[in-house]
Structure formats: structure tokens, C-alpha cells
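Number of protein chains: 2
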Amino acid sequence: MASKEIHVVATFKPKADKIDDVAKILAESAANIHKKEPNTLRFYLLRPKKGNELIAVEKYADAGALKVHGGTEYFKAMIGKVTPLLAAPTDLKICNFVTGFEGRPSKL
Amino acid sequence: MASKEIHVVATFKPKADKIDDVAKILAESAANIHKKEPNTLRFYLLRPKKGNELIAVEKYADAGALKVHGGTEYFKAMIGKVTPLLAAPTDLKICNFVTGFEGRPSKL
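Protein chains in written order, with UniProt numbering: chain A, 1 to 108; chain B, 1 to 108.
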């Protein structure tokens, strides 16, 4: 039976001088998510060594958890604050898990 | 002190009819990595619901672990098998962790 879990990879494209500001806003989001969204199972932010992007790696227990995430006041506030700081729209990829291991120790 | 860990997000762009073949080859890679690379702390494959891509989310204990990964025979064999099945070069992002939580339960 296919898993109900939903994975998201979101690539933010801040304006050249705004990447630290965007990272700070997303860090606030991460703290809210960690505290208030028990069914958001993973939410971390990566900064590629090259280029001007921030990548959020996310995992939700199910479609309901993703819906809760997108409906929160702090999510809407984050979008409001971040959007003017972006050079291009965020690349949002909603994904299914294919294979692999998500951490150690772990069964494959 | 900044973490030595290295995160990678690699987006594969298979030819339209080859995505399942690429997924299968990468699944073999994941099994090898899980078994033979104890310092590769995360390697899983996601398939966006839209488009024709596969995204590998990866985490290495340090630069040495990433080097070991890239030097293995099965990695080179995977590259050899996958490359002819791709429509465009793989988008490889080598990243630093910024913030967030990688799983539950977890401290932020």
C-alpha cells in the first residue's frame, strides 16, 4: 500500500542581497512548524554553496498535514514577508517517496 | 562551530519514457549506499507529482564521506547507466544546513 506521506522540495530564489533576510524569516517558520505542526515530520532549510537559493526539504504525514501547514497564520505571514524579497517565484515540488533511507540507523 | 555535514539535493531529468528505468538504477544505488557507506547519513529518492524529474535528497557526515560516495565503483556504474537515459544534465546542489528539523522527535 502506497504511503500517505507527502514530501515537498521548495526552492526559494531570493534577490541577491536578500538571502540572509529570507533565511531568517524561514527560520522563524521552522520554529513555528516544529512547535505547532506535529504532523509535519521534517522541515529543514539548505543553502547551496553556489548560487542564490534556499531549499526547504519537507515531509508531511499525509495530505491533511500539508493542508494544515498551508493554512496557518504564520505560513501566510511568511509568504507575505518573503515574496517581496524574491527575484523569481518559488519552485515547489510536491513529491512521492520512491526509495532510499531517510536517516541512520534505518532499514532500507 | 559550523557543522561538517554536507547536504546534497540532486535533480535528475530523465527522458520522458525513461523515468522508471532511472528510478530503478537509483534504487540499486540506494541499496549499495545503505550497505556500504556508513557515513552517508541520508539518501532517498523523490518523484514530483508533476513533471519528469527525480530528486535525490542526500546527507554526508563530512567532505570525506561525500568523496567516498563519488569514488565508488557502483556510483561510477550508476552514472554510466543513467546518463544515456537523461534529457538534460543533473542539477547538483551541494549545500550547508541552515535551520530546521530533520525528523521527529527532534530538538529544533
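Bear in mind the hints are in silico, worked out from the structure with no lab data behind them. Careful: at least some of the hints might be erroneous.
The list makes no distinction among identical chains, and a pair is therefore deemed to hold if it is satisfied within one copy or across any two copies.
Simulated crosslink set (SDA-like; lysine to any residue; CA at most 25 Å straight-line) [claimed, not checked]:
| id | residue 1 | residue 2 |
| --- | --- | --- |
| 1 | K18 | E73 |
| 2 | K50 | V68 |
| 3 | K18 | A77 |
| 4 | K50 | V98 |
| 5 | K93 | A23 |
| 6 | K93 | A27 |
| 7 | K50 | L92 |
| 8 | K4 | P89 |
These are the hints, each one checked on the structure:
Within a single copy, K18 and E73 get their C-alpha atoms as close as 23 Å, which meets the 25 Å cut-off; across copies the closest is 41 Å, which misses it. Taking the closest pair of Cα atoms, K50 and V68 come within 25 Å of each other only across two copies (22 Å); inside a single copy the shortest separation is 33 Å, beyond that limit. Taking the shortest alpha-carbon separations for K18 and A77, only the intra-copy value of 17 Å comes in at or below 25 Å, while the best inter-copy value is 41 Å. In this assembly of identical chains, the alpha carbons of K50 and V98 lie at most 25 Å apart only when taken from different copies (14 Å versus 27 Å within one copy).
In the homo-oligomer, the alpha carbons of K93 and A23 lie at most 25 Å apart both inside one protomer (19 Å) and across protomers (17 Å), since each shortest distance falls under that limit. When the C-alpha separation of K93 and A27 is checked against a cutoff of 25 Å, the pair qualifies both within a copy, at 20 Å, and between copies, at 20 Å. For a Cα distance limit of 25 Å, the shortest separation of K50 from L92 qualifies both inside one copy, at 20 Å, and across copies, at 10 Å. In this homomeric assembly, K4 and P89 never come within 25 Å of each other (Cα to Cα): the closest approach is 28 Å inside a single copy and 31 Å across copies.
The structure shown violates just one earlier hint, number 8.
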